[in-house]
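*Asks:* Now for the letters of each chain:
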Amino acid sequence: MASVLARRARGSAAAALWGAARGFASVGSDIVSAAPGVSLQKARSWDEGVATKFSTTPLKDIFHGKKVVIFGLPGAYTGVCSQAHVPSYKNNIDKLKAKGIDSVICVAVNDPYVLKGWAEKLQAKDAIEFYGDFDGSFHKSLDLEIDLSAALLGRRSHRWSAFVDNGKIKAFNVEKAPSEFKVSGAEVILDQI
Amino acid sequence: MAPISVGDSLPDGQLGWFDENDQLQQVSIHSLAAGKKVILFGVPGAFTPTCSNQHVPGFITQAEQLKAKGVDEILLISVNDPFVMKAWAKTYPENKHVKFLADGVGTYTKALGLELDLTEKGLGVRSRRFALLADNLKVTVANIEEGGQFTISGAEEILKAL
Chain A
1 MASVLARRAR GSAAAALWGA ARGFASVGSD IVSAAPGVSL QKARSWDEGV ATKFSTTPLK
61 DIFHGKKVVI FGLPGAYTGV CSQAHVPSYK NNIDKLKAKG IDSVICVAVN DPYVLKGWAE
121 KLQAKDAIEF YGDFDGSFHK SLDLEIDLSA ALLGRRSHRW SAFVDNGKIK AFNVEKAPSE
181 FKVSGAEVIL DQI
Chain B
194 MAPISVGDSL PDGQLGWFDE NDQLQQVSIH SLAAGKKVIL FGVPGAFTPT CSNQHVPGFI
254 TQAEQLKAKG VDEILLISVN DPFVMKAWAK TYPENKHVKF LADGVGTYTK ALGLELDLTE
314 KGLGVRSRRF ALLADNLKVT VANIEEGGQF TISGAEEILK AL
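Sequence lines, in order, name chains A and B. FYI, the numbering for the first sequence is 1 to 193, going by this note's numbering. FYI, the numbering for the second sequence is 194 to 355, going by this note's numbering.
Hints in this document: simulated from the structure, not taken from any laboratory. Certain hints may be false.
What the hints assert, rightly or not - Subject to a maximum C-alpha distance of 30 angstroms in a straight line, what follows is the list of computed DSSO-like cross-link-like pairs (lysine-lysine):
1) A:182 - A:170
2) B:292 - A:121
3) A:170 - A:42
4) A:168 - A:182
5) A:53 - B:303
6) A:66 - A:121
7) A:176 - A:53
8) B:289 - A:42
9) A:97 - A:60
10) A:95 - A:53
11) A:182 - A:53
12) B:262 - A:140
13) A:125 - A:140
14) B:230 - B:303
15) A:125 - A:60
16) B:230 - B:262
17) A:125 - A:97
18) B:289 - A:121
19) A:42 - B:283
20) A:42 - A:90
21) B:229 - B:262
22) A:125 - B:230
23) A:42 - A:140
24) A:42 - A:121
25) B:260 - A:90
26) A:170 - A:66
27) A:121 - B:283
Stated by the list, open to error - Selected chain B positions facing chain A (in silico; Cβ < 8 angstroms):
28) 209
29) 217
30) 241
31) 242
32) 262
33) 274
34) 275
35) 277
36) 297
37) 298
38) 306
39) 313
40) 315
Cβ atoms here follow ideal geometry from the backbone N, Cα and C, with glycine treated the same way.
Please put together the full structure from these sequences, using the hints given.
*Replies:* Have a look at this one:
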């Protein structure tokens with residue numbers, strides 16, 4: 001947590017250099033190189049998993065050659081995530097597409113089957129692509145991991161959002177606390193695109 | 194840890210649970226099972242097909258018969274967080290008796306020796322499919338599946354044993 005705040009306190013150029021050297025995510029760094037060898041799992045049903053032999057999606061397939069808005073949250077089926085964070089993107093999908101965004105992605109440390117159930121419940125599957133970082137390796141690589149054992153969730157992700165253009169992070173917002181929802185919503189990122 | 198078997202004592206452990214008043218609690222297995230006849234059944238994952246469509250419904254529909262035969266508690270555990278378990282429980286509005294308990298990081302499942310690595314299927318370390326009957330913490334029936342099958346771990350097998 002302290003490292004995230006310290007990073008943002010430095011100027012963005014210095015932060016980009018430090019970020020690039022450490023391999024963590026920050027404005028200017030490449031999200032795919034920051035998490036080498038990491039892949040995500042698209043939300044799916046078990047049958048779809050079997051049919052695709054439980055395949056995973058490498059980050060470069062998600063980010064290369066595309067303008068992507070990606071947001072991460074602590075957990076499917078939890079309060080702020082369900083009631084504020086996902087709806088914010090679902091309700092602004094037209095505005096995001098109008099600004100040239102190719103995909104809007106929601107990622108969480110959940111398995112892809114739970115995420116599919118949740119996406120359907122929120123009726124957000126058409127607007128947003130849901131991906132599972134089931135073992136937390138994506139978020140760990142980006143230094144976005146947080147221990148939420150006190151809330152009985154275990155190792156999860158901070159609440160964050162980013163605008164990534166062809167793999168390069170152009171905007172990056174992380175809430176000070178996962179229960180907050182101030183900088184990681186769609187309205188903020190719309191201004192940053 | 195060797196898998197739990199008949200004659201063993203049920204270990205204690207803390208599981209997460211949203212109670213009837215929607216309050217998030219940590220409950221101890223011993224507090225639910227000491228001095229009582231309980232069924233403890235486990236599944237690999239909430240929102241997956243065999244678990245959702247066969248294993249859990251079996252215990253929900255047979256709950257009254259099981260209670261009539263002296264079972265005090267029917268406890269379902271899965272390596273999922275309590276929010277996911279609560280959402281999954283809500284998909285069974287007809288459920289009156291089965292308690293959906295969350296073994297968030299798998300600690301209790303490991304204490305039972307019943308963990309199963311499903312990393313390849315995108316699930317991480319989960320639980321084997323099983324059903325136990327315990328009488329005042331002593332395990333009297335232990336039906337543990339190999340792999341993800343559903344052959345001996347259902348409600349009917351426990352009913353036969355009661």
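*Asks:* Would the pair residue 125 of chain A and residue 230 of chain B pass a check requiring their Cα atoms to be no farther apart than 30 angstroms?
*Replies:* Violated, at about 43 angstroms.
*Asks:* Identify whether the interface hint at residue 242 of chain B stands, where standing means a beta carbon of chain A within less than 8 angstroms of its own.
*Replies:* holds, 5 angstroms
*Asks:* Would the pair residue 230 of chain B and residue 303 of chain B pass a check requiring their Cα atoms to be no farther apart than 30 angstroms?
*Replies:* Roughly 22 angstroms between the alpha carbons, so the hint for residue 230 of chain B and residue 303 of chain B holds.
*Asks:* For the pair supplied as a hint, residue 97 of chain A and residue 60 of chain A, is the alpha-carbon distance within the 30 angstroms limit?
*Replies:* holds, 21 angstroms
*Asks:* So, as I understand it, the hint says residue 297 of chain B touches chain A; can you test that by seeing if any CB pair is closer than 8 angstroms?
*Replies:* holds, 5 angstroms
*Asks:* Sort out whether residue 121 of chain A lies within 30 angstroms of residue 292 of chain B, counting only the CA atoms.
*Replies:* Holds - the C-alpha atoms of residue 121 of chain A and residue 292 of chain B are around 22 angstroms apart, at most 30 angstroms.
*Asks:* Is the Cα-Cα distance between residue 289 of chain B and residue 42 of chain A 30 angstroms or less?
*Replies:* violated, 34 angstroms
*Asks:* Would the pair residue 66 of chain A and residue 121 of chain A pass a check requiring their Cα atoms to be no farther apart than 30 angstroms?
*Replies:* Measuring from Cα to Cα gives roughly 28 angstroms; hence the hint holds.
*Asks:* Next item in the hint list is residue 313 of chain B. Is there a CB on chain A closer than 8 angstroms to its CB?
*Replies:* It holds, given that the least Cβ distance between residue 313 of chain B and chain A is near 6 angstroms, below 8 angstroms.
*Asks:* Given residue 277 of chain B as an interface hint, is the shortest Cβ-Cβ distance to chain A below 8 angstroms?
*Replies:* holds, 5 angstroms
*Asks:* Is the hint on residue 209 of chain B kept, meaning its closest Cβ partner in chain A is under 8 angstroms away?
*Replies:* holds, 4 angstroms
*Asks:* Checking one constraint from the list: CA of residue 125 of chain A to CA of residue 60 of chain A, max 30 angstroms. Satisfied?
*Replies:* holds, 22 angstroms
Checked against the numbered hints given earlier, the structure breaks hints 7, 8, 10, 11, 12, 22, 25, 32 and 38 and satisfies all the rest.
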